[in-house]
Amino acid sequence: MKFIHSADWQLGKPFGRFDSEVRAGLSEARFDAIDTLGRIAVDHGAEHVVVAGDIFDTEGPEDRTIIQAISRMSRHSCRWWLLPGNHDFARNGGLWDRVRQRVSENIVILSTPEPVEMKPGVWLLPAPLEHRHNLEDPTACFDFMETPGATLRIGLAHGSIRDFGSQGETKNQIAPDRARRSNLDYLALGDWHGTLRVDSRTWYAGTPEVDRFQRDDPGQALVVGLSTDAEPSVTPIRTGRFQWLLRDWMVSDQAAFDAECELLLGAIDTPTTLLRLTLAGITSLGDRISMLGRLENDIGHQLRYLDVRADHLVGRPSEEDIANLAVEGMLGAAAAMLNIRIEGGGEDAAVAKRALERLFVEYSREKSE
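According to the UniProt record's numbering, the sequence shown is numbered sequentially starting from 1.
These are computed hints drawn from the structure, not numbers from a lab. Hints are supplied without guarantee of correctness; some may be wrong.
As the list claims (entries may be wrong) - In silico EDC-like pairs for lysine to aspartate or glutamate, Cα to Cα no more than 16 Å straight-line:
#: 1; residue 1: Lys353; residue 2: Glu343
#: 2; residue 1: Lys171; residue 2: Asp211
#: 3; residue 1: Lys119; residue 2: Glu47
#: 4; residue 1: Lys2; residue 2: Glu231
#: 5; residue 1: Lys353; residue 2: Asp307
Please construct the entire structure, taking both the sequences and the accompanying hints into account.
Here is the structure:
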């Protein structure tokens with residue numbers, strides 16, 4: 001038995017903090033991931049794709065989102081098994097009734113905790129969420145599910161696996177040893193957005209398209225091969241188009257900054273990269289302005305998205321900077337006064353730094369015109 005394990009598509013996610021062009025690209029990539037999964041299934045000889053919850057981002061997506069999802073799945077020969085998660089939980093008269101009215105024959109909605117025979121002897125045990133937050137283990141029902149003549153038992157669930165000694169009330173918590181307890185050959189999980197091996201028979205597939213600045217890895221799915229009385233064969237396969245990168249650079253001058261830029265640009269595909277960059281260090285004020293200028297006017301235009309955080313990159317005016325401004329009369333006097341405020345520290349220092357930087361920016365801009 002070979003199948004594709006996926007989860008956490010979250011179709012219809014709004015990505016509200018981005019501009020319209022970035023939002024459109026990220027949203028479309030999530031639908032494109034369905035086609036990628038369908039092609040992976042064909043390439044690896046897998047007849048089934050099991051999706052462990054959160055197919056949709058909310059329980060009330062637009063009709064267009066539902067129809068797009070069904071259309072993408074319907075054009076692939078594999079069979080899709082969809083489990084409601086905490087974002088798109090199952091309830092009477094809700095989302096899944098809307099989906100059920102439109103699905104094609106190769107799409108199965110697992111909205112009730114009842115075992116289904118995928119093929120002779122291979123049983124799928126679903127644990128759909130009927131509420132966003134469940135205080136009981138949603139997979140406890142696996143212990144009592146009858147699977148006559150089963151040669152393979154596959155669990156499908158959405159929730160978190162944690163140490164039972166953790167403090168506080170937990171929601172949608174799944175027993176870490178559920179596969180052993182319920183005699184499962186494989187437990188396909190969703191909720192955690194990165195690929196994660198819990199044990200040899202228990203895996204999180206992660207999301208096929210990463211949606212936050214949390215890890216360097218792009219979205220993935222798992223190609224799972226099962227045979228009786230043997231450990232599963234599990235192979236992660238890249239599905240994601242975009243990478244969301246977190247980088248922290250400690251820089252002291254323009255040369256060090258430029259070197260970091262070249263290393264970054266040589267290692268990524270710029271149009272599909274979103275970057276949150278934190279800069280720190282002490283440098284000349286001129287270098288600081290030049291660094292931020294390159295990010296804004298060059299690197300930022302190459303990347304899909306750039307978020308720069310430079311509060312801890314301190315720019316101090318050099319003697320040459322002060323000397324250049326000194327000949328400018330009032331500007332020179334203002335620069336000298338601000339520099340004294342900065343060196344004195346106190347509450348005014350931070351404001352004085354920003355004011356001095358702005359002064360140099362405007363001065364440099366005027367000189368270049």
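Each hint, compared with the structure:
Taken as a hint, the Lys353 and Glu343 pair is honoured in the structure, with Cα atoms around 10 Å apart against an allowance of 16 Å. Among the hinted pairs, Lys171 with Asp211 is inconsistent with the structure: their alpha-carbon atoms are about 22 Å apart, more than 16 Å. A hinted pair counts as satisfied when its Cα atoms are at most 16 Å apart, and Lys119 with Glu47 qualifies at roughly 10 Å. About 13 Å separates the Cα atoms of Lys2 and Glu231, which keeps this hinted pair within 16 Å; it holds.
Using a Cα cut-off of 16 Å, the hinted pair Lys353 and Asp307 is violated, with the two alpha carbons roughly 22 Å apart.
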